[in-house]
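Chains as they are written, first to last, in full-length UniProt numbering: chain V, 1 to 307; chain R, 1 to 307.
Don't read these hints as lab results, they were simulated from the structure.
All values reported here derive from a predicted model rather than from experimental measurement.
Take these hints with a grain of salt, some might be off.
Pairs involving identical chains hold if they fit within one copy or between any two copies, as the list cannot separate such chains.
[Stated by the list, open to error] Simulated pairs of lysine-lysine, BS3-like, Cα-Cα distance not exceeding 27 Å:
hint, residue 1, residue 2
1, 296, 87
2, 176, 87
3, 176, 96
4, 96, 229
5, 176, 229
6, 229, 87
7, 240, 96
8, 176, 240
9, 96, 295
10, 176, 296
11, 240, 87
12, 240, 229
13, 199, 96
2 protein chains.
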Amino acid sequence: MTAVIGHRNPDTDAITSAIVYARYLSRTGREATPYRLGELNFETQYVLREAGLETPALLESLPAGSEVALVDHNESAQSLPGLETLKVVAVVDHHKLGDLTTAEPLYLRFEPVGCTGTILARLFIENNVHIEPLEARLMLSAILSDTLHFRSPTTTDVDREMVAFLAPIAGIADVKAYAMAMFAAKSDLGDTPAETLLKMDYKVFEFGGQPWGLGVVETTNPGYVLGRKAELLEAMRAEKAASGLAGVLLSVVDILEETNRTLVLSEDEAAVLRAAFGVEVSGDEADLGSRISRKKQIVPALEAYFA
Amino acid sequence: MTAVIGHRNPDTDAITSAIVYARYLSRTGREATPYRLGELNFETQYVLREAGLETPALLESLPAGSEVALVDHNESAQSLPGLETLKVVAVVDHHKLGDLTTAEPLYLRFEPVGCTGTILARLFIENNVHIEPLEARLMLSAILSDTLHFRSPTTTDVDREMVAFLAPIAGIADVKAYAMAMFAAKSDLGDTPAETLLKMDYKVFEFGGQPWGLGVVETTNPGYVLGRKAELLEAMRAEKAASGLAGVLLSVVDILEETNRTLVLSEDEAAVLRAAFGVEVSGDEADLGSRISRKKQIVPALEAYFA
Chain V
1 MTAVIGHRNP
11 DTDAITSAIV
21 YARYLSRTGR
31 EATPYRLGEL
41 NFETQYVLRE
51 AGLETPALLE
61 SLPAGSEVAL
71 VDHNESAQSL
81 PGLETLKVVA
91 VVDHHKLGDL
101 TTAEPLYLRF
111 EPVGCTGTIL
121 ARLFIENNVH
131 IEPLEARLML
141 SAILSDTLHF
151 RSPTTTDVDR
161 EMVAFLAPIA
171 GIADVKAYAM
181 AMFAAKSDLG
191 DTPAETLLKM
201 DYKVFEFGGQ
211 PWGLGVVETT
221 NPGYVLGRKA
231 ELLEAMRAEK
241 AASGLAGVLL
251 SVVDILEETN
261 RTLVLSEDEA
271 AVLRAAFGVE
281 VSGDEADLGS
291 RISRKKQIVP
301 ALEAYFA
Chain R
1 MTAVIGHRNP
11 DTDAITSAIV
21 YARYLSRTGR
31 EATPYRLGEL
41 NFETQYVLRE
51 AGLETPALLE
61 SLPAGSEVAL
71 VDHNESAQSL
81 PGLETLKVVA
91 VVDHHKLGDL
101 TTAEPLYLRF
111 EPVGCTGTIL
121 ARLFIENNVH
131 IEPLEARLML
141 SAILSDTLHF
151 RSPTTTDVDR
161 EMVAFLAPIA
171 GIADVKAYAM
181 AMFAAKSDLG
191 DTPAETLLKM
201 DYKVFEFGGQ
211 PWGLGVVETT
221 NPGYVLGRKA
231 ELLEAMRAEK
241 AASGLAGVLL
251 SVVDILEETN
261 RTLVLSEDEA
271 AVLRAAFGVE
281 VSGDEADLGS
291 RISRKKQIVP
301 ALEAYFA
């Protein structure tokens, strides 16, 4: 039995890709079960509810030597604790290659596309594996989520092609309406605690040998999030101290207007933002303009600065 | 322009996969040129001569930031010096994942099969890219070479299927006769200097944080190689000192009988061989039985021992 896992602080791609890849593996001769490494955000909850699916079980650890397949991530800091003691048999991902190493040959499939769901759809097609409507719906949802319905600069032609290919199989006639419903669900933040908002889409990266926490809130209603700035800064301060981070950033991304206003905790972060992005920072907020992709625009700029 | 490179001390798979993948990339929209990182062995020279191809140019370095695609390897110790300063855009490989990391998303395609040529053939097929007879011949040669015509335990069903698929395209009616001709060419060691024999198929690995050099001579005529034991041990001693290695091993593999007699330089190596393989070592030779695959049988046992 192979456990299939997406990254911590899961988003829609991490969850749906674990479900879909586990089904793909089981169908092609390797028994597999999907798990989640954290709580689902409102968008993902909406996607699973519409698909009539239960939430995958939460995984906290696995015995050393267990077989595991990773989707939508490959860095140990974003994965199950003790990843280095597990046997990674497969990785399907669209991120940069991090600190993963293995003792034996394995299956790796990385493509510089907008979404893991796009790569999974290609796997089904290439190997002539039948795609069920449910699976098409999950892959399509992941692509719309990761590319912000093709607004993100991470979007590629292949992502667009796969959505066009999957929509009729999924039985989704109006892709735009479905995407808007997903984004509305995501933006319904209600009384979500500030700590949860910070961690909703949050990853730790190593820059210059030091850990930085980068959170993103993608929303159609940035005013609501920015209205809770004081609470959010307090949650960032607590997280920075608790996890011994060199810096922590929270970007509030307006999905529809494609803007990024990033909360700035202290001069540690302000100095780096000024140098890495050439922006002015005054007070507790930086306008990062149209840099809405952490993967394609935020992380590379920070990496270039620290290198 | 992307430079496509196989590993140092190139074998047939490293060279032919660089040539074939460069052609694949050029045909699918990315201009690419194959290079070699060292001298060709006699088998590879035979394969290129039969194919009517020139030897790719030798590459010694590239300016920082240059685009490079790796085939048949991924570890920096086996690649171009300064790999960490280059932009790796794609890797096609069938080995374990080593120390590679990247700053940006890339194309990675690893499969636990016997040969990079097998994965390349799948790439052509999946993406409906026409395979020319020359390309089929090169991929088939690599698979026969890496799997010792299906004798190696690294062989998978996919390797066999691809040879069956490629042979008619390549116009090779008698695959067995072609494989024997390749192996005879490889075994024609003539007056090859001992240093060259040691480095013909040679890789440096990290075990327990220390570098070990592992050479293999695959031959249909082991008696000839073992008859030059004294010279070879001297070459191993010189290499160990010059490169500051913790150990150096040279396995003489009889391709037809599927046996491995490994030269033992000193008690450093003897103690490790006894513990890692449970074999007796007396004098300057160890009988490693039918362990003929460095990747599948030698390296994993050494890794398990040092871990």
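Against the structure, the hints:
In this assembly of identical chains, the alpha carbons of residue 296 and residue 87 lie at most 27 Å apart only when taken from different copies (15 Å versus 29 Å within one copy). In the homo-oligomer, the alpha carbons of residue 176 and residue 87 never lie at most 27 Å apart, since the shortest distance is 40 Å inside one protomer and 37 Å across protomers. For a Cα distance limit of 27 Å, the shortest separation of residue 176 from residue 96 qualifies neither inside one copy, at 29 Å, nor across copies, at 42 Å. Proximity of residue 96 to residue 229 under the C-alpha cut-off of 27 Å is found in neither arrangement, the shortest distances being 31 Å within a copy and 46 Å between copies.
In this assembly of identical chains, residue 176 and residue 229 lie within 27 Å of each other by CA distance neither inside one copy nor across copies; the values are 31 Å within and 72 Å between. In this assembly of identical chains, residue 229 and residue 87 lie within 27 Å of each other by CA distance neither inside one copy nor across copies; the values are 42 Å within and 39 Å between. For a Cα distance limit of 27 Å, the shortest separation of residue 240 from residue 96 inside one copy, 24 Å, qualifies, whereas the shortest one across copies, 35 Å, does not. Taking the closest pair of Cα atoms, residue 176 and residue 240 never come within 27 Å of each other, the shortest separation being 38 Å inside a single copy and 64 Å across copies.
Within a single copy, residue 96 and residue 295 get their C-alpha atoms as close as 9 Å, and across copies as close as 26 Å, so both meet the 27 Å cut-off. When the C-alpha separation of residue 176 and residue 296 is checked against a cutoff of 27 Å, the pair qualifies only within one copy, where the shortest distance is 24 Å, while the shortest distance between copies is 50 Å. In this assembly of identical chains, residue 240 and residue 87 lie within 27 Å of each other by CA distance neither inside one copy nor across copies; the values are 32 Å within and 32 Å between. Within a single copy, residue 240 and residue 229 get their C-alpha atoms as close as 16 Å, which meets the 27 Å cut-off; across copies the closest is 61 Å, which misses it.
Taking identical chains as interchangeable, the C-alpha atoms of residue 199 and residue 96 lie at most 27 Å apart only when both belong to the same chain, with a minimum of 21 Å there against 33 Å between chains.
Figure legend: structure checked against the earlier numbered hints; hints not met, in rising order: 2, 3, 4, 5, 6, 8, 11.
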